[in-house]
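Asks: So the protein sequences, as listed, match chains A and B. For the first sequence, this note's numbering assigns the number 1 to the initial residue and increments by one for each residue that follows. For the second sequence, this note's numbering assigns the number 1 to the initial residue and increments by one for each residue that follows.
Be aware that one or more of the hints could be misleading.
[Claimed, not checked] What follows is a list of derived Cβ distance ranges for each label pair:
1. B:SER243 / A:GLY91: 40 to 48 Å
2. B:SER243 / A:ARG316: 41 to 49 Å
3. B:LEU170 / A:ALA105: 54 to 62 Å
[Unchecked claim] Only some residues are given here: those of chain B computed to face chain A with a beta carbon under 8 Å:
4. VAL118
5. PHE127
6. LEU131
7. LEU135
8. ALA300
FYI, nobody ran anything at the bench for these hints, they're computed from the structure. Every residue gets a Cβ at the ideal spot worked out from N, C-alpha and C, and that includes glycine.
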Amino acid sequence: MSALSLRPARHAVPGVFVALALTLVIGWLVVLLDGGQLFNQSTTVSLLHVAAGLGLVAVGQTLVILGGSLDLSVAFVISLSTLVAAEAMNGSDGAMLPAIGLALAVSAAVGLLNGVLVTKVRINAFIATLGVGLLLKGYLDNGYDGPAGESAPALVRTLGYQRVGPVPVSFVLLLAVTAAAWFALSRTRFGHHLVAVGGDPEVARLSGVRNDRVLITAHVLCSLCAGLAGVYLASRLGSGAPRVGTEGLYDLESIAAVVLGGTALAGGRGGVLGTVGGVLLLASIDAVFNQLEVDAFFKQVIRGVIIIAAVAVYARRAMRKAGS
Amino acid sequence: MRVAERRPLPLRIRTDGIAPIVALLVVLLILVAFVQPDFLAPSSLMSFLGRSAPIILLAAGQYFVIVCGEFDLSVGSLVTAQVVVAARLIDSDPSRTWPVVVLLLAGGALVGLVNGLVTTVLRVPSFITTLGMFLILVGAVYLWSDGAPKGGLSEEFRRFGRRAIEDVPLLGRIPYALLVLVVVAAVAVVLTRSDFGRTLVAVGDNPRTAELSGVRVVRTKTIAFMLSGLAAAVAAILLGGYSGVSFQAGVGLEFGAITAVVLGGVALGGGRGSVVGAMLGALTLETLFALMNFTGVSGALRSTVQGVIILLAVAVSSLRSSSSR
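With the sequences and hints as input, model every part of the structure.
Replies: So, in structure tokens, the structure goes:
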């Protein structure tokens, strides 16, 4: 089963990286003709920052989607996590680590709730996580009008702004999380089981996989990733922000990144490396458009077209494979 | 073949499906009657139904898409886009009202057509198709209006959303929105009882079987998306009239419509549920919000309650269906 689950992942990865390379080359040329520089320090840094935030969420999203589930609550988990972290820190370095722990614990609890609703109560994942998201939205809307709390200065310095050369610490964090997720998926029993559950839940169950436990774990990990993204955003913003998750469209964009990365929306096929490719692709398109000073709204139109077109290309390829 | 099996029993299946939502609605109405007896006076009840018309229409449109196994996440952004486009095109000139209304309906159908073709012919999951359409529509409408809505709606256009036939015996008043709703609801019910409606359910129940038994799945699903787009256009005309022009006009409506549909007993993934259930689901949701208003619950908590309700409704139905097995 493990060999079976790994093979498609290897197939799926290159596509998005070819697209990424093309985007970067064409983008670089176009920006150059326009009299700018795509790869100067500040654009590269901001590209990587954008990728870090979206990437953390998308890696978690990959896990649930691989398992045949979905998480629409991540945007609200992110907002909640920024608030929990920033309010618990309240500007004090001493409270930083416990506060981060608290934010992650709260996020994990939301993931646990999502997982239990999807597996034990058997609510369709779309509805379950939408419902949980609405619960959180009500809490956030009711309790907060604007930014609250203050991130610890040490957190802002390190995770928020420190860099290793042109690479922000946050992007290093994304790489670490990606490596951990990749390892979990390809080298551990949990990973093989998750892909099996996503591929065919009934077959997985009959071959002795505890489907519920595996999916709940995936949901907890997904929420943890969203919580981590929240901690990162709190470190960038310096405070908790009740609407940062939804305004960043992290729910929909993370799903788009996962799908761009070649993971099947129905589960069972794909991997986190492709997702990071998808995230970098979205961030690069953003960076190119920023350099060209393309209208923000036009950018959104193009992004919608690109997402649909990319998925259509994947679908076409899958159809051809099935036909041959 | 399944289509044929269903024919003798459509009425019974329907009433079975909507019993829980009717019960919930009645309970809510009784609660409202306790908290705010005036609410049940004919004229205020009529106004309430008129105000609820847009979300009920959207739920009906969403029903067609969901019952054949798809999603339409673009309806909220479509409503926003239509309202902003209408204001700019009409530009407060009453003579342009009707041409623009026709244009909006055509636009809604066109967006549905694109959604449907991309989903069926290009085989992009409708979740992604309509999400992409959402991004495109929001981006396009901001782009076209440079970030601030321009122009204005004519009084004639606004009539559908905010005026009523006053001094009606017994009922007090009949909002135009309610008349529109009744007509659209009748069309929707007739559609679901037609061959098309049965085909739609068959496609959602088992696309493979449907295809093998000669159903044109591509055409059926595409028409479902067009109906959703049309419903969004009508909802936009009513909403624009009622609450005016803003970029917030349609925000979140897609999730409201999906909540309503699920609440009304329609299974996500398709194949089960009725359009009447979906519309009653929307009405129940609106009644719940009215109850919250009367009891002084903060408007911000609306979404929390919406979340609890949707989870409870689906949990109850899923537990019931697994125990009956």
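Asks: Now tell me if each hint is right for this structure.
Replies: Here is how each hint holds up against the structure:
1. Against the hinted window of 40 to 48 Å, the Cβ-Cβ separation of SER243 of chain B and GLY91 of chain A comes to about 41 Å, which satisfies the hint.
2. A hinted range of 41 to 49 Å for the beta carbons of SER243 of chain B and ARG316 of chain A is consistent with their spacing of about 42 Å.
3. Taking the beta carbon of each, LEU170 of chain B and ALA105 of chain A are about 59 Å apart, inside 54 to 62 Å as hinted.
4. Residue-level restraint check for VAL118 of chain B holds (minimum Cβ-Cβ distance to chain A is 6 Å; threshold 8 Å).
5. A distance limit of 8 Å between C-beta atoms decides the matter here; for PHE127 of chain B the minimum to chain A is near 6 Å, and the interface restraint holds.
6. Because the closest C-beta pair between LEU131 of chain B and chain A is about 5 Å apart, less than 8 Å, the hint holds.
7. Evaluation of the LEU135 of chain B hint against chain A yields a held restraint, the C-beta minimum of about 3 Å falling below 8 Å.
8. Residue-level restraint check for ALA300 of chain B holds (minimum Cβ-Cβ distance to chain A is 4 Å; threshold 8 Å).
Hint compliance for this structure: every hint is met.
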